[in-house]
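Using the hints provided, position chain W relative to the given structure of chain Y.
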Amino acid sequence: MDGEKKISGMKNVFLCIVSLAVMCILLFPIYWIFVTSLKTEKEIFQIPPTFWPQALNLKSYAAQVETGDFNMFQSFANSFLISVGATLISVVLSVPASYGIAKFRFKGKKVVLLGFLVTQMLPVAVLLTPMFIMFRNMHMYNTPWAAMLADATIGIPFSVLILKNYFASIPGDLEEAARIDGCNRFAAFIRVLIPIAKPGVMVCAIFSFLYAWGDLAYGMTFILDQQKRPITAGIFNFMGQYGTKWSYLTAFAIVTIIPVAIIFIFMQKYIISGMTSGAVKG
Amino acid sequence: MKRIKQFFRYDNVGWLYVFPAFAYMLYFVGYPILQNIILSFQDVTMRTLTSPDKPFAGLQNYIEIFQDKVFRTSLTNTLVFTVSCLVVQFLIGFALALFFNRNFKIAKPVRGLLMMPWMIPITVTALMFKFIFGTDVGILNYILSSLGLIKENIEWLTTPGTAMFAVICANVWIGIPFNMILISTGLTTIPKELYESASIDGAGKVQTFFKITLPLLRPTIESVLILGFIYTFKVFDLVYVMTGGGPVNSTHMLSTYSYKLSFEMFKYSKGSAVANVLLIILLIVGSFYLRATKEED
Chain Y
1 MDGEKKISGM KNVFLCIVSL AVMCILLFPI YWIFVTSLKT EKEIFQIPPT FWPQALNLKS
61 YAAQVETGDF NMFQSFANSF LISVGATLIS VVLSVPASYG IAKFRFKGKK VVLLGFLVTQ
121 MLPVAVLLTP MFIMFRNMHM YNTPWAAMLA DATIGIPFSV LILKNYFASI PGDLEEAARI
181 DGCNRFAAFI RVLIPIAKPG VMVCAIFSFL YAWGDLAYGM TFILDQQKRP ITAGIFNFMG
241 QYGTKWSYLT AFAIVTIIPV AIIFIFMQKY IISGMTSGAV KG
Chain W
1001 MKRIKQFFRY DNVGWLYVFP AFAYMLYFVG YPILQNIILS FQDVTMRTLT SPDKPFAGLQ
1061 NYIEIFQDKV FRTSLTNTLV FTVSCLVVQF LIGFALALFF NRNFKIAKPV RGLLMMPWMI
1121 PITVTALMFK FIFGTDVGIL NYILSSLGLI KENIEWLTTP GTAMFAVICA NVWIGIPFNM
1181 ILISTGLTTI PKELYESASI DGAGKVQTFF KITLPLLRPT IESVLILGFI YTFKVFDLVY
1241 VMTGGGPVNS THMLSTYSYK LSFEMFKYSK GSAVANVLLI ILLIVGSFYL RATKEED
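Top to bottom, those sequences are chains Y and W. Under my numbering, the residues of the first sequence are numbered 1 to 282, in order. Under my numbering, the residues of the second sequence are numbered 1001 to 1297, in order.
In isolation and in its complexed conformation, chain Y is listed as follows (with noise of 0.2 Å):
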């Protein structure tokens, strides 16, 4: 609550103990299961525990790649092309419409956006029977496309939810501007709104991709054979029949993880604009 003023002195080397400590604590369980995931499963039901392995394992990782039957590689590539796919097509979709939706007065503006923000309350229970069912007649059950189409409807509606404030913010004379230099409406929106709005684009497309990539229910329902399952449903699966595998497990967990990972490292400020920004969770 001291806001701007900065801290110092003791009082900073005690606060920056105390945000340690309770780091070390809440990220505990990740800093966990990738111990585990290093360690041979002889350790890891040894006590007491160790908290580093005794010996580096990393027959856990390997072994997944010989194996055919769970091979976490060929998963990890099928939820790559889901959520890539689902991504896509939520980026492409979100775009133009948040455009529409900021920048225009159209009749029956306000039951669209309605739309729009109900759609991210629903609950996937109340979906998968109705898109399992209409999967099947469009002959995508057990493809990658049904995943692919129904991640997507995660990510459009918060795309268009996010992405339309930022179009809104852009005045109005840089629109003219681009028109009097002799764009019609379209090409501006292509050649000058778009470019400013790019990290807009890059919170959706971040976002859409981290639904798709932790879906699970729309995976495991509509796509049976597991070699062509995500990575979710791929673990789901390995635990219902090795359960008590756990560094194997462990380390199906940490390979799930690694994207996540990599896009929480180099776009952290994305990630943050967009949770605070109305962002939620799927």
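Check the hints yourself; a few may be wrong.
[To be verified] The list that follows gives simulated cross-link-like pairs (lysine-lysine, DSS-like), each with its CA atoms no further than 25 Å apart:
1) K245(Y) with K228(Y)
2) K269(Y) with K1108(W)
3) K269(Y) with K1151(W)
Hints in this document: simulated from the structure, not taken from any laboratory.
Frame of chain Y; chain W shown alone:
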């Protein structure tokens, strides 16, 4: 023709931009919701799932689920789960937001790192907590017994009461960053001058908190709690992966029970009815949020 021309004059051109996304959502979300409502008034099983004519059942499914003990348990469980999570994650999130709002050296980067739990795929979080709460392998039992708090290892996930405790803990872990970051943003909107003049007037820390911080944060707190309710109430992945609704239905939520009815027992219509009850509750709570955001605009 003239009418069409008139429609596209002025701002109705906006529709051209909005239409693709709107149509997509209508087709992949709007239409399924309608289908789900229809489904809940029919009697659909494995055999009739994709056939064009499905037998009409009227209110039968709804009557049956309200007589169903597991449904009622799931409803209570979802409420208990949601309220417990909301209270705990809000208090911890609030405390952390206040703490990291102080301008010490590493406040910002550490707060940034604390976002991690929110971003990790929920399936991984579920696995993580299943491991931590494990009976023989779990670190929690080890810590508790080395502190002398327990004599025998607790079977957290296979005992009804403790299983609920475990899923609540896991969900709170995800919810803390969400609460913390939204309240942090709310705190930055409070003008600094207010605190300065309060301290000149000789107000203590506790007094400033209750007289300035809390009242000015009210809109933030409201939206955090309503949004939190919505996202917690529809929990699915976390519970489905951690306990699957067990032991003895003690952690079944409306969403997991609906999934079980539809995709494990193939009682699609009953599953849809349960999902619709969940939807109605969410829409009622959500309407408060919509009203709040409307006031902002």
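To see whether the hints hold, each was checked on the structure:
1. K245(Y) with K228(Y): This hinted pair holds, its Cα atoms lying about 23 Å apart.
2. K269(Y) with K1108(W): Judged against 25 Å, a Cα distance of about 11 Å means the pair holds.
3. K269(Y) with K1151(W): violated (47 Å)
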